[in-house]
Amino acid sequence: MTTATATAGARPGGARPAPRLLRRLPLHLVIVLLMVVWLIPTIGLLVNSFRPPEALTQSGWWTAIFSPSQFTLDNYAHVLAQSDISAGFVNSLFISIPATVIPIMVAAFAAYAFAWMSFPGRDLLFIAVVGLLVVPLQSTFIPILQLFGPKGVNIAGSFLAVWLAHTGYGLPFAIFLLRNFMGELPREVFESAAIDGASPVTAFFRLALPMTVPAIAALAIFQFLFVWNDLLVALIYLGAQNPDNKPLTIVVSNLVSSLGGGWQYLAAAAFVTMAVPLAVFLGLQRYFVRGIVGGSVKG
Amino acid sequence: MATVTFDHVTKKYGEVVAVDDFTLQIQDGEFMVFVGPSGCGKTTSLRMIAGLEDITTGTLAIGDKVVNDIPPKDRDIAMVFQSYALYPHMSVFDNLAFGLKLRKVDKKEIDRRVKEAAETIQLTNLLQRKPKELSGGQRQRVALGRAIVREPAVFLMDEPLSNLDAKLRVQTRAEIARLHQRLKTTIVYVTHDQVEAMTMGQRIAVMSQAKLQQVGPPQELYDHPANKFVAGFIGSPSMNFLPVELSGSGETAVLRTDGLQIPLPSHYRSAVGAVTGGRFVIGIRPEHLDVAPLSGPSTTVQARADVVEYLGNEELLHVEIAGTDVVAVVSADRRVRPDDVLTVHLPLDKMHLFDAETELNLPRSAA
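Quick mapping for you: the protein sequence lines, in order, are chains A and B.
Per my numbering, the very first residue in the first sequence carries number 1; after that it's consecutive.
Per my numbering, the very first residue in the second sequence carries number 1001; after that it's consecutive.
Pulled out of the complex, with its shape left as it was, chain A reads as follows (with noise of 0.2 Å):
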């Protein structure tokens, strides 16, 4: 814009900016320079992850990138053939995405009691929420199994124990994010709608729940990748009471043994584990534009 103005108008006197590409080249050299630093682990762990095991145990994987022709498929083909691998990835389906979806939409419905009506004891409530963000995840097992186990509902090992578990944890931040999103929303918008004949349920679902759509993209892709990525709850509350429904994590620590042996298998798992994730955060980031609620009021 600026460029454009100053060649256009051909200011007398004064000297032609430089070019706007070579104006920035030094902000984007020093952001290209960051990104491969960076990356450097994330590369060398897809290089290695085309390489033999021989090749692993002798050589740096920078090496590897000038002689390419050792690269192989071997690593891929073993991890992908086990039986295991396909079974993980249906049960880590099956646990993220209830696992995401429950907790969001329990926290869109109390963020939008917290922003938008009043209760009593509403301040209070939320802050307590919002307390619960500092308690650490690890210290609420012992409790949480005891109840989930034998002596109390009994569902330990099942997929409903880890969403509920999932759930609780992701419950603080959700509704902290989403009340202070639903909470800028602009209040003559439901006011407008309150005279329109909206009750506060269809003012939620009709206009609440779109207008914080960019909130509530960004929200899944973070608690599907903690879901997607988590060992340590799925270990918990599943794992160790039920093989069979082992998510991804679990399967691919399992894939390395526990002297450390073939951990070029883990390289190639990683890789295919990452590809889910990818796909969400490319499908859901579209939505973070912002300015969805642009156009509503004036400003």
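No wet-lab data here; the hints were simulated from the structure.
All the pointers check out, no bait thrown in.
Listed next, with one range per pair, are the computed distances between beta-carbon atoms: (1) B:Glu-1109 with A:Val-153: 45 to 55 Å; (2) B:Thr-1358 with A:Val-213: 50 to 60 Å; (3) B:Lys-1104 with A:Phe-109: 22 to 32 Å; (4) A:Met-105 with B:Gln-1202: 49 to 59 Å; (5) B:Val-1066 with A:Met-105: 38 to 48 Å; (6) B:Leu-1183 with A:Val-213: 32 to 42 Å; (7) B:Gln-1128 with A:Leu-282: 22 to 32 Å; (8) B:Gln-1122 with A:Phe-109: 38 to 48 Å; (9) B:Val-1195 with A:Leu-282: 46 to 56 Å; (10) B:Lys-1104 with A:Val-213: 21 to 31 Å; (11) A:Val-213 with B:Arg-1103: 22 to 32 Å.
Covered stretches of chain B (in silico footprint by chain A; criterion: 3 or more residues with CB under 8 Å from a CB of chain A, positions within the stretch not fixed): (12) 1077-1088; (13) 1097-1106.
All C-beta atoms in this analysis are idealised placements derived from N, C-alpha and C, irrespective of residue type, glycine included.
Fit chain B to the supplied structure of chain A, relying on the hints for placement.
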């Protein structure tokens, strides 16, 4: 269509009184404007009609139904918000149709009414657009359309023009006035702009500091302001005020201030007697002052032009009279220059006289 009746309505936020003992009857089909400076309680009053604010004491009726405890959706009103408050993720059509859909209006009927409203506000070819794809003026029209399509008994408008640029504001002002002439629905319109109030309102309610100051047609507020606040608020530029003291009595009574003596206008002779202390404030509208002789009874004063604002057809003169900056609007042919010494003519028949204590306009006698 319906009347709106405030009966001793008071609104408090904790200890703060936002609207104090407000009593007003708005006629069926009337265009009523609430005007006043910010924080005077005009928007709160409007929101009480809408049902968006509770009423602390008093009763509010729409038609002959007391609506104190009736939720907004059952009041048969539609409101246009200052910020438009459009539904951002819905098309213009859906924005207009939303209220009707919620009321389970027949689909064909919705279609017909939305199309009709869209024609009224000239948005027929934009029905599929989203609000963010519209200009400010178009958004404002969608907000208006959303109110029209409901065919309510009362329209409530909360400063609907304040986000538009000057030209569009004048245009939309006329459109709303035209709309009222066509629909003949009661409109309650809130603004802080006295020009908007004067041009649009059939009656104007002037509010200040939570209290209703005066209600009446524009002409009445202009000619007979009830007090100094209304006198200063209505009219642009504002009325000039000069503090004076009364001396003498009968035909020789004069109003005195620093270096200036003005004979007491005859129509105020009987009223000044009731005021103890003899301290008054003279009010003269800028457009009633002139640098050429006036037709009615008048008095003159010498003054030096300080600043001259040239507006094309007229000039705003700032002159100093008795230590006060006084503004006069005169024809631009007068060609006044800064530092010119002028003879300013003050009309006695159009002069207002306020009690300095109570700030009330003194009653005029027929004589």
